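These are the residues of each chain, in order.
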Amino acid sequence: MIVETRALTKQYRGKLAVDSLDLVVPEASISAFLGPNGSGKTTTIKMLLDMVRPTSGEALVFGEPASTVSIRERVGYVAEDKRLYGNMTVARILEFTRPFYPEWSRDRERILLQRFDLPLDRKVRALSKGMHSKLALVLALSHRAQLLILDEPGEGLDPVANEQMLESIVEATGEGAAVFFSTHQVAEVERIADHVFILSAGRLAFEGSLEDLRANCRRVHAVFPGRAPLEDMRLPGVRTATADRNRLSIIADGNLETIERRARDLGAISVDLEPLSLREVFLAAVAEPLAAGQPAVDAKQYLRTSAPRESGDGEGSGAEQS
Amino acid sequence: MIWYKAWLESRTRFLIAAALIAVVIGWAILDSENAMRRFDRRPPITFEFYVSIVFAGRLQLVWALAVALLGAGGLLRESSTASVQFTLSLPVPRRRWTEVRAIMGAMQSIALAMLPVLVVPLAAIAIGRSYPVWEALKFCGLLATAGLVCFGIGLLCSTLLASEFSSIAMSAVAVYFLFTADIYFYRWLPNVGIGDLLGGGRYVDRCTGFLTAWPWTAVAVSLCVTFALYRVAVEMMERRDF
Numbered sequence: 011m012i013v014e015t016r017a018l019t020k021q022y023r024g025k026l027a028v029d030s031l032d033l034v035v036p037e038a039s040i041s042a043f044l045g046p047n048g049s050g051k052t053t054t055i056k057m058l059l060d061m062v063r064p065t066s067g068e069a070l071v072f073g074e075p076a077s078t079v080s081i082r083e084r085v086g087y088v089a090e091d092k093r094l095y096g097n098m099t100v101a102r103i104l105e106f107t108r109p110f111y112p113e114w115s116r117d118r119e120r121i122l123l124q125r126f127d128l129p130l131d132r133k134v135r136a137l138s139k140g141m142h143s144k145l146a147l148v149l150a151l152s153h154r155a156q157l158l159i160l161d162e163p164g165e166g167l168d169p170v171a172n173e174q175m176l177e178s179i180v181e182a183t184g185e186g187a188a189v190f191f192s193t194h195q196v197a198e199v200e201r202i203a204d205h206v207f208i209l210s211a212g213r214l215a216f217e218g219s220l221e222d223l224r225a226n227c228r229r230v231h232a233v234f235p236g237r238a239p240l241e242d243m244r245l246p247g248v249r250t251a252t253a254d255r256n257r258l259s260i261i262a263d264g265n266l267e268t269i270e271r272r273a274r275d276l277g278a279i280s281v282d283l284e285p286l287s288l289r290e291v292f293l294a295a296v297a298e299p300l301a302a303g304q305p306a307v308d309a310k311q312y313l314r315t316s317a318p319r320e321s322g323d324g325e326g327s328g329a330e331q332s
Numbered sequence: 241m242i243w244y245k246a247w248l249e250s251r252t253r254f255l256i257a258a259a260l261i262a263v264v265i266g267w268a269i270l271d272s273e274n275a276m277r278r279f280d281r282r283p284p285i286t287f288e289f290y291v292s293i294v295f296a297g298r299l300q301l302v303w304a305l306a307v308a309l310l311g312a313g314g315l316l317r318e319s320s321t322a323s324v325q326f327t328l329s330l331p332v333p334r335r336r337w338t339e340v341r342a343i344m345g346a347m348q349s350i351a352l353a354m355l356p357v358l359v360v361p362l363a364a365i366a367i368g369r370s371y372p373v374w375e376a377l378k379f380c381g382l383l384a385t386a387g388l389v390c391f392g393i394g395l396l397c398s399t400l401l402a403s404e405f406s407s408i409a410m411s412a413v414a415v416y417f418l419f420t421a422d423i424y425f426y427r428w429l430p431n432v433g434i435g436d437l438l439g440g441g442r443y444v445d446r447c448t449g450f451l452t453a454w455p456w457t458a459v460a461v462s463l464c465v466t467f468a469l470y471r472v473a474v475e476m477m478e479r480r481d482f
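Chains A and B, in that order, are what the protein sequence lines are. So the mapping is simple: this note's numbering equals the position in the first sequence, first residue as 1, plus 10. So the mapping is simple: this note's numbering equals the position in the second sequence, first residue as 1, plus 240.
Chain A on its own, in the form it takes in the complex (with noise of 0.2 Å):
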């Protein structure tokens, strides 16, 4: 793996920004990060960098401590906050920044100026929000990096910028890195990304490859004589659950045939499975829990990606992983 993070954790004053998280990253394929505002992407990408030190547990860069200096010449990255030093022009970073990475390419730096269509004269501090983007990205992917780790990327970027930016990503791949990028633009994500975490208060809430979730995630609607069984419907794989009346609503992530079955079971008229996008399992990832008294599972109770998918029926197992 290219990144692994054993019980990772994180705490400011009291207040857990990133909670035992467990991460692995495959290698050679584009991983998005994806989370809201404030759920600890970030924390969790500075603690790979070593910008941020864990309160306990570890992070693995190449096999290696994220404290590991030599590792950061493998490793391309874009800031949050893509600002550079304002006093240099744009020409005098990209000569501050080569000697430090044995392996910049100048072609591949020649292209992404070109591409980019930056102004080596200019001075940082006089770039728009979006080239301080462009040249950070320029920073970052000149010196073939083995794992580029990007924090939202696009942020500030035009439409035209950010595909080239996404093309960028990808040439970066098909040369055999790794990309772990954060993002809150789903349709990026499920445009160029294999693989998906998704982070909902400092805990990796869905994880798992964009093909099995096409495959896997579906919404099940469930349409019963009386009152929902939604009580009865806590299976594993189910992620969230809401009853309206003789309805039923579920996302799952697997385990689908037992849940049908169990609606079937318990009655139900009609049990209808809908593919689910990558947007609707991210809503389901990182929903709050419901207010007392509204006809609802409490999402958080589904939130777990270790459930036991693999068992026959399941019973109660995945309900209780909470």
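Hints are not guaranteed to be accurate.
Straight-line Cα separation of at most 25 Å, SDA-like style, residue types lysine to any residue; simulated pairs [what the hints assert, rightly or not]:
id, chain 1, residue 1, chain 2, residue 2
1, A, K133, B, A322
2, A, K25, B, R479
3, A, K133, B, T321
4, A, K139, B, S320
5, A, K133, B, S320
6, A, K139, B, F482
7, A, K139, A, R213
8, A, K133, B, T252
9, A, K133, B, P331
10, A, K133, B, I256
11, A, K133, B, Y244
12, A, K133, B, L315
13, B, K378, B, A259
14, A, K25, B, A402
15, A, K139, B, I256
16, A, K139, B, R446
17, A, K133, B, I242
No lab work stands behind these hints, which were simulated from the structure alone. This structure is a prediction, so every number in the text was calculated from the model and none was measured.
Given chain A, work out where chain B should sit, using these hints.
For chain B alone, coordinates are given in the frame of chain A:
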């Protein structure tokens, strides 16, 4: 490149401080005839003794504030401008950034202290007098070594406060207290005044105005304190989250 970055970040402060010291000391020498007349002494003070008073007075003040200013900056300040994330993503140990900045700042502080070695003899020639370079070197060397503690204070303050303004203000206050420590502590530590140490104090010959010896022990203690401040600054930066 790390050195280049450290130079870029400090060069404006260094050049302004150098210009300020050159002007203050240059003017003190060029105006020495008037200034010496203001000393109501019989016999009148010599030019050399007047220079020793300048070294022990306004040069110390300007230099101490300038080096406290040179201690400002660094990773914590960068965190307020957000470029620190780029800096820390480079394959350079965090400790190294602080080390380079400290060494660069210390070298600039020494260069500023040594500036009067050129300015004083040249300004003296301009008014038809002379001042031995070697004697100027002794005073300035004392300032550069024993006074480096002021830079250490600036460096430490820059690791405590992210705002450059707050860090400089805190350094200035700390340097002020250092220079006036003898007022508060003279009953217990009569020789604690750093101002007296940097100006040569009892080692200045009242007749010639030259340094007769160097306060080696005090210089060594001051250098040890500076090194301790530097180590604390490095350790604080090592432990900090960015």
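Consistency of the hints with the structure:
1. A:K133 x B:A322: Holds - the C-alpha atoms of A322 (chain B) and K133 (chain A) are around 16 Å apart, at most 25 Å.
2. A:K25 x B:R479: holds, 19 Å
3. A:K133 x B:T321: holds, 15 Å
4. A:K139 x B:S320: holds, 17 Å
5. A:K133 x B:S320: Answer holds: K133 (chain A) to S320 (chain B) is near 19 Å, not above 25 Å.
6. A:K139 x B:F482: holds, 21 Å
7. A:K139 x A:R213: Answer violated: K139 (chain A) to R213 (chain A) is near 31 Å, above 25 Å.
8. A:K133 x B:T252: Holds - the C-alpha atoms of T252 (chain B) and K133 (chain A) are around 17 Å apart, at most 25 Å.
9. A:K133 x B:P331: Holds, because 24 Å separates the two Cα atoms, which is no more than 25 Å.
10. A:K133 x B:I256: holds, 22 Å
11. A:K133 x B:Y244: holds, 17 Å
12. A:K133 x B:L315: With a Cα-Cα distance of about 21 Å, the restraint between K133 (chain A) and L315 (chain B) holds, given a limit of 25 Å.
13. B:K378 x B:A259: holds, 22 Å
14. A:K25 x B:A402: Distance ~22 Å between K25 (chain A) and A402 (chain B) Cα, so the pair holds.
15. A:K139 x B:I256: Distance ~32 Å between K139 (chain A) and I256 (chain B) Cα, so the pair is violated.
16. A:K139 x B:R446: Violated - the C-alpha atoms of R446 (chain B) and K139 (chain A) are around 64 Å apart, more than 25 Å.
17. A:K133 x B:I242: With a Cα-Cα distance of about 19 Å, the restraint between K133 (chain A) and I242 (chain B) holds, given a limit of 25 Å.
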